[in-house]
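Top to bottom, those sequences are chains D and B.
Numbering of the first sequence is given in numbering that gives the first Met the number 0, commencing with residue 0 and proceeding in unit increments.
Numbering of the second sequence is given in numbering that gives the first Met the number 0, commencing with residue 0 and proceeding in unit increments.
For the record, the hints were derived by calculation from the structure and aren't laboratory data.
Heads up, some of the hints might be wrong.
[As the list claims (entries may be wrong)] Straight line, CA to CA, 30 angstroms or less: simulated BS3-like cross-link-like pairs of lysine-lysine:
| no. | chain 1 | residue 1 | chain 2 | residue 2 |
| --- | --- | --- | --- | --- |
| 1 | D | Lys13 | B | Lys378 |
| 2 | D | Lys165 | B | Lys378 |
| 3 | B | Lys395 | D | Lys151 |
| 4 | B | Lys286 | D | Lys137 |
| 5 | B | Lys520 | D | Lys54 |
| 6 | B | Lys286 | D | Lys165 |
| 7 | B | Lys395 | B | Lys378 |
| 8 | B | Lys282 | D | Lys137 |
| 9 | D | Lys219 | D | Lys208 |
| 10 | B | Lys451 | D | Lys54 |
| 11 | D | Lys171 | D | Lys196 |
| 12 | B | Lys282 | D | Lys171 |
| 13 | B | Lys521 | D | Lys137 |
| 14 | B | Lys282 | B | Lys395 |
| 15 | B | Lys282 | D | Lys165 |
| 16 | D | Lys13 | B | Lys451 |
| 17 | B | Lys24 | D | Lys13 |
| 18 | B | Lys378 | D | Lys208 |
| 19 | B | Lys282 | D | Lys54 |
| 20 | D | Lys151 | B | Lys6 |
[Stated by the list, open to error] Sample of chain B residues with no beta-carbon within 12 angstroms of chain D, all distances over it, derived:
| no. | residue |
| --- | --- |
| 21 | Tyr17 |
| 22 | Met56 |
| 23 | Pro59 |
| 24 | Leu256 |
| 25 | Thr299 |
| 26 | Arg421 |
| 27 | Ser423 |
| 28 | Gly485 |
In this text the structure is predicted, and so the values were computed from the model without any measurement.
Backbone N, C-alpha and C define an ideal beta-carbon position, used for all residues, glycine too.
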Amino acid sequence: MLRIENLTKIYGGKRAVDDLTLHILPGEIYGFIGHNGAGKTTTIKSCCGILQFEKGEIYIDGISVRENPIACKQRLAYIPDNPDLYDFMTGIRFLNYIADIFGVSTDARQERIRRYADMFELTENLSEPISAYSHGMKQKLAIISALIHDPKLIIMDEPFVGLDPKASHLLKLTMRSFCDQGAAIFFSTHVLEVAEKLCDKVAIIQDGKLIRSGTVEEVKGDSSLENVFLELEEAK
Amino acid sequence: MTGALLKKQMLEVFAWIYQDRKTGKNRSRRGIITYGLLYTVIFGFLAVMFYVLADTMCAPLINAGFSWLYMALMGLLAVTVGMFGSVFNTFATLYQAKDNDLLFSMPIPVRTILIARLSGVYVIGLMYELFVIVPAIIVYFLNIRLTFLTVLFTVLIPVILSFLILAISCILGYVIAWISSHLKNQKILTVIVSLAFIVGYYCLCGSAGNVLQVILQNPGNFGRKVRGVLYPLYHMGLAAGGNVGSMLIFGAIVLGLFCVVYLVLAHSFIKLATTNKGSAKKKYVEKTARMHSGDRALLTKEFARFLGSPAYMLNCGLGILFMLAAAVLLFIKQDTIIKTLQMMSAGKDGIVVAIAVAGTCMTTTMNDMTAPSVSLEGKNIWLAQVLPVSGWSVLKAKLHMHLLLTLIPAAAVIASVEWIVRPSLIGALFIPVMTVLFVILMAALGLLCNLKMPNLTWTSEIVPIKQSASVAIALFGGWGIITVFGVGYYLLARVIAPYAYLAVVTLILVFADIAVIHWLKKRGSRIFDQLTS
Numbered sequence: 000m001l002r003i004e005n006l007t008k009i010y011g012g013k014r015a016v017d018d019l020t021l022h023i024l025p026g027e028i029y030g031f032i033g034h035n036g037a038g039k040t041t042t043i044k045s046c047c048g049i050l051q052f053e054k055g056e057i058y059i060d061g062i063s064v065r066e067n068p069i070a071c072k073q074r075l076a077y078i079p080d081n082p083d084l085y086d087f088m089t090g091i092r093f094l095n096y097i098a099d100i101f102g103v104s105t106d107a108r109q110e111r112i113r114r115y116a117d118m119f120e121l122t123e124n125l126s127e128p129i130s131a132y133s134h135g136m137k138q139k140l141a142i143i144s145a146l147i148h149d150p151k152l153i154i155m156d157e158p159f160v161g162l163d164p165k166a167s168h169l170l171k172l173t174m175r176s177f178c179d180q181g182a183a184i185f186f187s188t189h190v191l192e193v194a195e196k197l198c199d200k201v202a203i204i205q206d207g208k209l210i211r212s213g214t215v216e217e218v219k220g221d222s223s224l225e226n227v228f229l230e231l232e233e234a235k
Numbered sequence: 000m001t002g003a004l005l006k007k008q009m010l011e012v013f014a015w016i017y018q019d020r021k022t023g024k025n026r027s028r029r030g031i032i033t034y035g036l037l038y039t040v041i042f043g044f045l046a047v048m049f050y051v052l053a054d055t056m057c058a059p060l061i062n063a064g065f066s067w068l069y070m071a072l073m074g075l076l077a078v079t080v081g082m083f084g085s086v087f088n089t090f091a092t093l094y095q096a097k098d099n100d101l102l103f104s105m106p107i108p109v110r111t112i113l114i115a116r117l118s119g120v121y122v123i124g125l126m127y128e129l130f131v132i133v134p135a136i137i138v139y140f141l142n143i144r145l146t147f148l149t150v151l152f153t154v155l156i157p158v159i160l161s162f163l164i165l166a167i168s169c170i171l172g173y174v175i176a177w178i179s180s181h182l183k184n185q186k187i188l189t190v191i192v193s194l195a196f197i198v199g200y201y202c203l204c205g206s207a208g209n210v211l212q213v214i215l216q217n218p219g220n221f222g223r224k225v226r227g228v229l230y231p232l233y234h235m236g237l238a239a240g241g242n243v244g245s246m247l248i249f250g251a252i253v254l255g256l257f258c259v260v261y262l263v264l265a266h267s268f269i270k271l272a273t274t275n276k277g278s279a280k281k282k283y284v285e286k287t288a289r290m291h292s293g294d295r296a297l298l299t300k301e302f303a304r305f306l307g308s309p310a311y312m313l314n315c316g317l318g319i320l321f322m323l324a325a326a327v328l329l330f331i332k333q334d335t336i337i338k339t340l341q342m343m344s345a346g347k348d349g350i351v352v353a354i355a356v357a358g359t360c361m362t363t364t365m366n367d368m369t370a371p372s373v374s375l376e377g378k379n380i381w382l383a384q385v386l387p388v389s390g391w392s393v394l395k396a397k398l399h400m401h402l403l404l405t406l407i408p409a410a411a412v413i414a415s416v417e418w419i420v421r422p423s424l425i426g427a428l429f430i431p432v433m434t435v436l437f438v439i440l441m442a443a444l445g446l447l448c449n450l451k452m453p454n455l456t457w458t459s460e461i462v463p464i465k466q467s468a469s470v471a472i473a474l475f476g477g478w479g480i481i482t483v484f485g486v487g488y489y490l491l492a493r494v495i496a497p498y499a500y501l502a503v504v505t506l507i508l509v510f511a512d513i514a515v516i517h518w519l520k521k522r523g524s525r526i527f528d529q530l531t532s
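Excised from the complex, chain D in its bound form (with noise of 0.2 angstroms):
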């Protein structure tokens, strides 16, 4: 669903990607581990068609995103770590313009701005304008755009950030559901625990250039993912 291949970004003659490769098959959620700065949302930039690259190739649902970004974005939703949505609209005004870009018929966008809305609870603040909201009702309101159109991969950027206990749960059962009907998701994470659990497969990435990757089984053997992960960068 997702290839990166050789992807390398340079900010300034410094390389924030440097040589990356990753696949991710439909059905995965895949989790993005690496300390701050290591390069996770630059990759994860990339991916979504913000950024450009001077390296590699990245494709989504066989297509690249450097050729026919559109045909890319179409397929992907991206939820950012600090969603800055429109203030000057209200909820079900931005979820309708999201809606309406991507094509989707006035049934399903009502069948599936109900069936979210109600899940995380967000039903009664739709009216309110985005201004309004605090930051886990942006993140929420994010997550429920996101699954708007049905896209085949969504890319994440800290999801869990700012979501209460309870949006947190229903946001990882969604995950799983997602892709057990052949959709990708791949996303980044400082809570181990979280990759630990509800990942099928993870990578970590130190300064810009993958270390390791695999199953949680394989990168993590017969430790634990955090005791790996601090192995690693004290090994830097």
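Following the hints, put chain B in place on chain D, whose structure we already have.
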């Protein structure tokens, strides 16, 4: 404790001197000096303006035995200017201060917080008042015989007068806070108050000359009216002449009024400052959503941004009202306009049309919605970039909003112009065609400038709207283009007929439109896709 609060309040009041609003960082020493010099020039210009006004009034009124009326009128002007400067500040400082919650949570008496806040408003009111009252006092001192009491009281008057400004600003600020806390859409209040101010300002400027003439011709009558309506200012005028009794009455009235206002505020301050303004929850009721195309969704988003921001509407869309007002005024004053046009054109139809085109285009230049539109994406830029739409689609929506909001009111101006000028068929075609081409060019140029000079890191939207190079270029560039074409005709008038010149300009506009839109489609679209906040 009070000292620390007062110091913090003064730092806040004078932050504009040492802090850059664009970046939120402190200015360098050189920056502070440059900024200080710039403001000295601007404020100096204002002070000179008030000096000229004071000089016009002072001698005639003193010679007619109405020296008190001179000081009362200048005092009234000082109060008006001071209120203008501090009333919105009062609202923001007293009721919307960002650190209200922090201060209320600290072991500080509410009255101490209120006194610190009021001291900030007092200083702002005093600053604005001084622009008027200092030139007025200088002129006054040059025209009267000075005694110890006249000097002492005249110097004390601004200090006391600022308490009057503070009291009135607090009352008006209280009214604004009350309306604001009962109004769901506060943007409406901002737009209405701002428009009322703009209309009031132009009405005042338009009638100032006549009012001054009436005062100087019959100071006795006017003095009686002022004495009846503005009793404290009457005594202020007498006090400036050294009258001890009047000084005591003026001081007692102003300080008494301030004390009453202070007691009322102290009683209700916490309630007003902590009211959750206008956020009454609107219950969501599911409605059948209508599906729209992506282009329509992008255009609707642009309109939502425009209508959701009073600053954007008032600064970049004021031309809409201006054009509608111009269309009506042209119609009402058509006789005068026809005479002026005949005088300027010596009866040549082509020249009349050229002037009509230039005038119509000029009225459209006050709209510059595209010029800050890319910067206004700010931290939301990722949304436009991650959705399956091209950069050109987003830019096109911005262009379309500008064209719709400018060409519709421009059509009213064109209709009015055509009605008045009644040109030949070819002339009647040139006016709308050239206006449309010019509006397209200005919309596209605004976008081009903003793509070349974007600012996506602002903390207040007023920065890209009012303080950006792209807006300045778009606004003055339109006038520049019209002037260049005007000068061009002036230089070529002997060798080219007016209609031939208009045809050449039309062709230039067509090519310029195509070139700029082609640039936006190709290069502009790529730049937009690569912008990062």
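To see whether the hints hold, each was checked on the structure:
Taken as a hint, the D:Lys13 and B:Lys378 pair is honoured in the structure, with Cα atoms around 24 angstroms apart against an allowance of 30 angstroms. With a CA separation close to 28 angstroms, the supplied pair D:Lys165 and B:Lys378 stays within the 30 angstroms bound. Under the criterion of a C-alpha separation no larger than 30 angstroms, the hint pairing B:Lys395 with D:Lys151 is consistent with the structure, at around 29 angstroms. Under the criterion of a C-alpha separation no larger than 30 angstroms, the hint pairing B:Lys286 with D:Lys137 is consistent with the structure, at around 22 angstroms.
Of the pairs offered as hints, the one joining B:Lys520 and D:Lys54 holds, with about 26 angstroms between alpha carbons and a cut-off of 30 angstroms not exceeded. For the hint pairing B:Lys286 with D:Lys165, the CA-to-CA distance comes to about 28 angstroms; that is within 30 angstroms, so the pair holds. For the hint linking B:Lys395 to B:Lys378, the alpha-carbon distance of about 20 angstroms falls within 30 angstroms, and the restraint holds. With a C-alpha separation of about 18 angstroms, the suggested pairing of B:Lys282 with D:Lys137 holds against the 30 angstroms cut-off.
Between D:Lys219 and D:Lys208 the alpha-carbon distance is near 18 angstroms, which keeps this suggested pair within the 30 angstroms criterion. Simply put, B:Lys451 and D:Lys54 have alpha-carbon atoms about 26 angstroms apart, close enough for the 30 angstroms limit, and the pair holds. At roughly 10 angstroms between alpha-carbon atoms, D:Lys171 and D:Lys196 fall within 30 angstroms of each other, so this suggested pair holds. For the hint linking B:Lys282 to D:Lys171, the alpha-carbon distance of about 28 angstroms falls within 30 angstroms, and the restraint holds.
Of the pairs offered as hints, the one joining B:Lys521 and D:Lys137 is violated, with about 34 angstroms between alpha carbons and a cut-off of 30 angstroms exceeded. Restraint check: the Cα-Cα separation between B:Lys282 and B:Lys395 comes to about 35 angstroms, which exceeds 30 angstroms; the hinted pair is violated. For the given pair, B:Lys282 sits about 23 angstroms from D:Lys165 by alpha-carbon distance, which is consistent with the 30 angstroms threshold. With a C-alpha separation of about 26 angstroms, the suggested pairing of D:Lys13 with B:Lys451 holds against the 30 angstroms cut-off.
Only pairs whose Cα atoms come within 30 angstroms are accepted, and B:Lys24 paired with D:Lys13 is accepted, the gap being roughly 27 angstroms. Between B:Lys378 and D:Lys208, the direct Cα distance comes to roughly 28 angstroms. Compliance with the 30 angstroms bound is thereby established for this hinted pair. Taking the CA atoms of B:Lys282 and D:Lys54, the gap is near 50 angstroms; set against the 30 angstroms cutoff, the hint is violated. Between D:Lys151 and B:Lys6 the alpha-carbon distance is near 58 angstroms, which puts this suggested pair outside the 30 angstroms criterion.
Annotated as non-interface, B:Tyr17 keeps its C-beta farther than 12 angstroms from every C-beta of chain D; the closest such distance is 29 angstroms. Even its closest Cβ contact with chain D, about 48 angstroms, leaves B:Met56 beyond 12 angstroms, as expected for a residue assigned away from the interface. Every C-beta of chain D lies more than 12 angstroms from that of B:Pro59, the closest at about 54 angstroms, which supports listing it as non-interface. Against chain D, the non-interface label of B:Leu256 holds: every CB pair exceeds 12 angstroms, the least being about 38 angstroms.
The Cβ of B:Thr299 sits about 7 angstroms from the closest Cβ of chain D, inside the 12 angstroms cut-off, so the non-interface label is violated. Look at B:Arg421: its CB is around 44 angstroms from the nearest CB on chain D, clear of 12 angstroms, so calling it non-interface holds up. Every CB of chain D is more than 12 angstroms from the CB of B:Ser423 (nearest about 47 angstroms), matching its label as outside the interface. No Cβ of chain D approaches the Cβ of B:Gly485 within 12 angstroms, the least distance being about 40 angstroms, so the stated non-interface status holds.
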